[in-house]
Amino acid sequence: MKRKRLAFALALTTAVWSGLPSLPSSAAEEGGGPASRGAAKPDPATIAEGRSLFNQNCSHCHSPNAASPDPPRDLRRLSLRYGDHMREVFWYTVTHGRPDKGMPNWSGVLDEKTLWTIFSFLESIQTKP
Amino acid sequence: MPSEKTLGAAFAGALTVALAAGAGSAAAQTNGGWGAYGADLANTRFSALHQIDTTNVKNLQVAWMLSLGSLEAQESTPILVGDTLYVTTSSGPRYVFAVDAKTGAVRWRYAPEVPADVAATTCCGLDNRGVAYANGKVFVARLDAHLVALDAKTGKEVWNTKVADYKSGIAMTSPPTVVKNLVITGYAGGEYGVRGAISAYNQENGQLVWRTYTIPGAPTDPGADTWKGDSYKHGGGAAWYVGSYDPQLNLVYYGASNPSPWGASERGPDKSEYGRETNLYTASTLALDADTGRIVWHFQTTPYDAWDYDGVNENILADLDLHGQKTPALLKADRNGFFYVLNRRTGALISASPFVYVNWAKGVDPETGRPIENPEKRPRLDVWAKDICPNLFGGKNWEPMSYNPETGLVYIPSFNLCMDLIGRKQVYKAGIMYLASEWNLAKPGPGGHMSELIAWDPVQQKKVWGIKEELPFMGGTLSTAGGLVFYGNIQGWFKAVDAKTGAELWKFNVGTGISQGAMTYELDGKQYVAVVAGRLKTPPSFLADIGERVFAASPEGGVLVVFTLPGA
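Protein chains in written order, with the numbering used here: chain G, 1041 to 1169; chain X, 6 to 573.
This is chain X alone, in the form it adopts within the complex (with noise of 0.2 Å):
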């Protein structure tokens, strides 16, 4: 790890930038606007715009629709720059849209001829989840691992920069971070077993200005002692979600994914008293010095994960009342089924408690911040370990959820599926999927639901309410001052409830399933409502028969569609 320094000093200087910047507070809320993909560099995915509420938000009708012309998964998120939305497809992307946001109308489209191949090294579908804006520039990763930089009026390409080999198994599919004039960017390939790194680009040119690794390189690189002999070659730990920033701190935060491969007799003891074998710094959360790379703290989430608990999913920073203290936060509801809330300034472990149905562990010691893991759900070499609660999709995968400051409230796209699991053997191969383990995902967990909406209380730890969906794979969420939460199934509907109590308010069907959220923006003194839809292909393809119910649930398809309030 190159970049990094020891974790003493590094507290040391966190604390220095903390004490000079006075009490952080999360990166400025979205006030009309929607910039970056989760609202804000804060990933909140909460909007201050509240025309449309709880009264009359029955009434909402759809403005203009967008076909987005593939028909692999559909997981962007629009952002809004002045007066235009700029929104991607899948495959590639195939296209990145400039659209004038109060008609629809396409400005200029990006449609950069992307290698075939790149179906074999993307291991979940192919998919692109949106682009970041700054400075008169769209940022957009690529399935090739391309990062490039168009002309926000014109769509051309103003840089391309290659991060990294895709052949490898590498695959970039989220919108990158931006932060000053530097543009931060990771990738996916946790299940190829290539080594993970996030890397941050000069906005101008394109020129790497630091890339730091998630994990060692080398027996003298930090962590090496905490994998079985050089299995950190092959060891995952890809950054491949999205990035959050605190500008008063300036950490940018990321999630690492699992380690490679999910057999875990290769990177460890294969047993739950793992000792020191813990496969830094994989499923876990990663803050770093925005100017550096620097590695300030980490907090593993899975140590010695041998269930595919990738730690990537998005963390929310909020400011929360503990205590009568206002505390700088991190949110993190993990595939682990551990909701986490960190202080962001140290990593400290403030509280962790489950928001959903979990067996694997019986709870999280709150000294080291280490999972009590119940040792027959660990699988091992050629044992199977049976119906393991949560399964691989984790208790949330990467379906975002929103926090209202308003309400208090997390409102968690969640999935409630158990699954067996076991290890096998497997030999290394680059551009190869490197799992050694068979597995059956397809166990419902309690209830038989598989999706559910969970209103989530960070403070107190514990659920408020929730929705059950007869399916997984239900859509990330969007809360807004409105009093209101919206989200998509995989069945169509796209709904909006009442923030407090779960009410159902309004619903509409998009003709094919829903699996990213919605946005939010004002022009014209008329808020609008934006949701993608396109039902996902490849992970049911994980689920056998619930798969076919939800292919059979949801056609194919591709479209932005834009809601408004009739003549407001």
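Next comes chain G alone, as it looks inside the complex (with noise of 0.2 Å):
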């Protein structure tokens, strides 16, 4: 528990200084998505469809196939910016919103598995470092 606080806590500097979300400590235990997906290659089928649902519900801010020119907004960054917490960043982001920014809560809006189908997509487009 410890060393997942520290993660976060490095999670969360990284963060604040790249300007992409800050994530509270408490985001470790909320949602529960994070962890019990993902694991497992996505399949082909998956990522399209997952490119699909995206550029229905993200590409008027993040651009199509997350091609966004506007660095703050740049999906393909996730993996630099976040790492292993990729994955929780994109959880509570997606589950709480950032209204500061545009980013609206996806809760109750768009389902687990959709929200996940999504992710798929993004994890096969990261910049490699």
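Heads up, a few of these hints could be off.
Calculated lysine to aspartate or glutamate pairs in the EDC-like style (CA-CA distance at most 16 Å, straight line) [to be verified]:
| id | chain 1 | residue 1 | chain 2 | residue 2 |
| --- | --- | --- | --- | --- |
| 1 | X | LYS161 | X | GLU118 |
| 2 | X | LYS276 | X | ASP387 |
| 3 | X | LYS473 | X | GLU509 |
| 4 | X | LYS430 | X | ASP326 |
| 5 | X | LYS430 | G | ASP1140 |
| 6 | X | LYS167 | X | GLU118 |
| 7 | X | LYS434 | G | ASP1151 |
| 8 | X | LYS367 | X | GLU381 |
| 9 | X | LYS172 | G | ASP1114 |
| 10 | G | LYS1141 | X | ASP275 |
| 11 | X | LYS63 | X | GLU509 |
| 12 | X | LYS430 | G | ASP1124 |
| 13 | X | LYS434 | X | ASP88 |
| 14 | X | LYS107 | X | ASP88 |
| 15 | X | LYS158 | X | ASP226 |
Which chain G residues face chain X? A few, computed with CB under 7 Å, are given here [what the hints assert, rightly or not]:
| id | residue |
| --- | --- |
| 16 | GLY1123 |
| 17 | HIS1136 |
| 18 | PRO1169 |
These are calculated hints, taken from the structure and not from any lab test.
Every residue gets a Cβ at the ideal spot worked out from N, C-alpha and C, and that includes glycine.
These two chains come separately, so use the hints to put the complex back together.
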């Protein structure tokens, strides 16, 4: 638990530094989704479905195929910014929103399966270090 | 539509007013001043000033600059009242500035605390396009859907009226229209499934005088039968841009936006043979009685829209010589790519012709006014339509055009982009974008350039000259009696060109992209030209790799730059 807290503290520092979502330490305990999903490598059909769902729901701010020209909105950088905590940051952000930055809370709008299908797509397009 | 009566009666009423007033001319044109967003309430963006002309414009120099203090899109046109310029910035607005128009010295600034979460209910970037002025008050519409009157001398709030609940997806980004004792405004929300409306408030106290909805709210409302089922409930039609006013006809003109959601299967039969399911009054121009808000006539440019061909583009009021007869016309370069000339008294179609490359429709039926669709280019539920031109930014977007009565030409900042589009299913939820679509907008049109300044003859309905620009989102235009057209591009170049030929006569880089049109004014015998600059943020984000080029060409910024001639 302590290790986890430390890891989240680091994630928080990185997030604030980079201007992407900050993550309260309680995030680890919320949602349940991050730990339970995505262990297996998603198949191409899931990634393709995720791409379509992303383009329907997210591309008006984050660009079609997540190729945003605006660095703070560029979701190809999630892995660079959050490393191993990308999954938790994703989950916390989509289930809480960042209304001050224009990001709505998708809870009750998109179900958990849809969100993780979108995540599978995002995982597949991460910029390599 | 509580304030609407039958169209027959409306036409009769309009005719009576017109006959009593005589042949209407456009609202008074600017005379050395610039008292409204579009120069005048006819939205001509034409100035009679001519100290700066084709022979000396090459000598223009910066007189002063003002940092606007915010980095979101800068879409404001300043207005001049006395010797004070009033200009706004983005983010709410972040500021309304009152500035000494000769020196740039700030006289006051209004910095309202607008809820930060308006960012989630503002579709297309935090912005504000400017203010309106009447009787000692400055009126500003805010992103939190509040309309505010400020004391023009001090910047203190005189009244503050909530127009709507922003949390449902409503924002206000454009200056209101001042008419008699009223201040009239619409609001944005066509991407959130709101019910569009135009509202008039008493200038003295901010109390509501009338409100006219642009779409039905109940099955018994007029126009409800133009929607599939009760789809009008989240049907959009937001009048989010600027209005025009003809004092002789006493008519206020507004455009209404696209219907919600973009994907059309929710709202009709999902095919080009849509019959009566036209989704009134979305993607339309509306003429309203200024005193009552009654819709006197409407003209729907894109019935049963499936392309996000939003109908809000500004309406220029001009009297054209048509077949030897002076005709009270309304000019609109629509998103859908057609240039419309209407009789602004009756709403009758005079002519419509494509001003950019258009392939979604073969033309406009002169009898019905309906576009003759190419069915292959109508996106349907789970069926892509490919290479539709223009794309959903339109042949022209909000960036304003200008009309020079001396050349008889309209100067249109246009887009040359195409798109792939498909309809999807989406469940409506308040405050969440309601688009029901997927798209690829990053497709340059024929020729590869992505913008063009087009000089357009509205009588002949033909292009006279054009200047191609590499990147999209070029700025609006200013026309002057000095024989000039001023405009800027997203790379930050502010240019003056010959209004007759398009020859470039002068340019200056202001350091960040220009989206808005410039304005001009004269004080103590000296003519100034003012332009606001600051690169857009959200619209380029729709464009992936093209958006990257836009971002690379122009840093964020926020500045008002004012030019004049040396020693004049």
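>> Flag every earlier hint the structure violates by its number, smallest first.
In response: 4, 5, 9, 10, 12, 13, 15, 16, 17, 18
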